[in-house]
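Starting from the known structure of chain X, arrange chain V on it as the hints suggest.
Protein chains in written order, with our numbering: chain X, 1 to 231; chain V, 1001 to 1231.
Rather than coming from a laboratory, the hints here were simulated on the basis of the structure.
Nothing here was measured: the structure is a model prediction, and the numbers come from that model.
Careful: at least some of the hints might be erroneous.
Now the stretches of chain X that chain V is said to cover, found in silico as 3 or more residues with beta-carbon under 8 Å [to be verified]:
no., stretch
1, 68-76
2, 101-111
3, 205-213
For every residue, glycine included, the Cβ atom is placed at its ideal position computed from N, Cα and C.
Residue strings, one per chain:
Number of protein chains: 2
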Amino acid sequence: MGEQFSGVQDCIDYQFSQVKLLREALTHSSYANEREGAGPDNERLEFLGDAVLELCISEEAFRRYPEAHEGQMTRIRSGLVKEKSLADVARTLHLDTFLLLGRGEETQGGRERDSLLSDALEAVFGAVFLDGGYAAAKRLILAVFESCWPEDSNVRPSKDHKSRLQEITQRKLHSLPVYRLVGSHGPEHEKVFMVALELSDGRVFEGHGGSVKKAEQTAAARAIHTLLSEE
Amino acid sequence: MGEQFSGVQDCIDYQFSQVKLLREALTHSSYANEREGAGPDNERLEFLGDAVLELCISEEAFRRYPEAHEGQMTRIRSGLVKEKSLADVARTLHLDTFLLLGRGEETQGGRERDSLLSDALEAVFGAVFLDGGYAAAKRLILAVFESCWPEDSNVRPSKDHKSRLQEITQRKLHSLPVYRLVGSHGPEHEKVFMVALELSDGRVFEGHGGSVKKAEQTAAARAIHTLLSEE
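Just chain X, same shape as in the assembly:
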């Protein structure tokens, strides 16, 4: 079995101690269903590999873009791990030629299908993680995604919340937020101001702060959090 899969191991530049994990990662359910004794399909490894990939990409995004907001990092990560990108990486690694497919799936063009290739790639990441640990999986993942990261200079530096919210509401609501001072309380030397921020869709976010500007920033931060969590 080792020899049968030596080509893949050269392509991904990782030598398995437990080659049966690699075989499992490359076994599509259609193959496992068709043959007695084919062993398990790659769906459990895909589940694991998906999480391995997510952490490796998150860790690297965190390291590469020290000024990026979590929303920017989320978008970068989504771009890298989307099905089409993963399928392209799988093809670069020639995983398509090594996939174990059932005959029906084969005749229906499964070997070229993005979803199938993307699943297999994630399963391979899961297999490397089980075989060699987090460090080994990270080495492989960073190597194959090396050319996919946006330039740090294209990841806009951190701006204040009001400016960011303005960009987000223009993009999503084609309008700007409106701020209104609604009150203040506390003694003069530690007064707290309360501001209401209204979006054009009618939603209102409150913010408190030691100055009106701070209160507006707080309200804007909340609105950003809500708007980005809907994306």
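Relative to chain X, chain V alone:
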């Protein structure tokens, strides 16, 4: 700063080399916005910690339930990492008492809010991961979720795809799938059968296999994959 946070480090049973990471994990944006020099808020660490948590829980689910399908593992993971569960864990660790909150957020009950506590817990996981690596984060996460795992015996053992699909369509569509042999091809000794599986919502899935039963299994596996990916 070390002393100020020694209580948290005792609660999570992890001593930081870089206590400033712990401080960042416990800094809500409302606090960072209100004070000059408060340092960064915990949103970047939350982004990272969310992925750390997901991998640790996925790895452990994979290990604990060797017979589980990826769909079952996904459901178990969702149950553990949902906001309410995370907030409860955060309270057990007394993170609420250590959170750095802005005054406005404080007066509005932010210290008790599930979303805020859940975010802080994820940020703490991210901080431990950066400070002590994957192994340290995993040790902490497995310790705090120790009592949350369902019994292995409650995670139903692997069944064949047709039985699983039957359960799923009864739950989701209140009906059973219908199988139909639509053809066969190839020489007698390696004939391939083709089956169409129809769901009550009109969707049809094809399956191929060396026997009608195998073809039905393949079609059922595809239907399961599609139905579960919609959940």
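Status of each hint after checking the structure:
For the stretch 68-76 of chain X, the proposed coverage by chain V is satisfied: 5 residues have a C-beta within less than 8 Å of a C-beta in that chain, meeting the threshold of three. Evaluation of the coverage hint for the stretch 101-111 of chain X: fulfilled, as 6 residues show C-beta separations to chain V shorter than 8 Å, against a requirement of three. Coverage of the stretch 205-213 of chain X by chain V holds [criterion: at least 3 residues with CB-CB distance below 8 Å; count 5].
Of the numbered hints given earlier, the model fails none.
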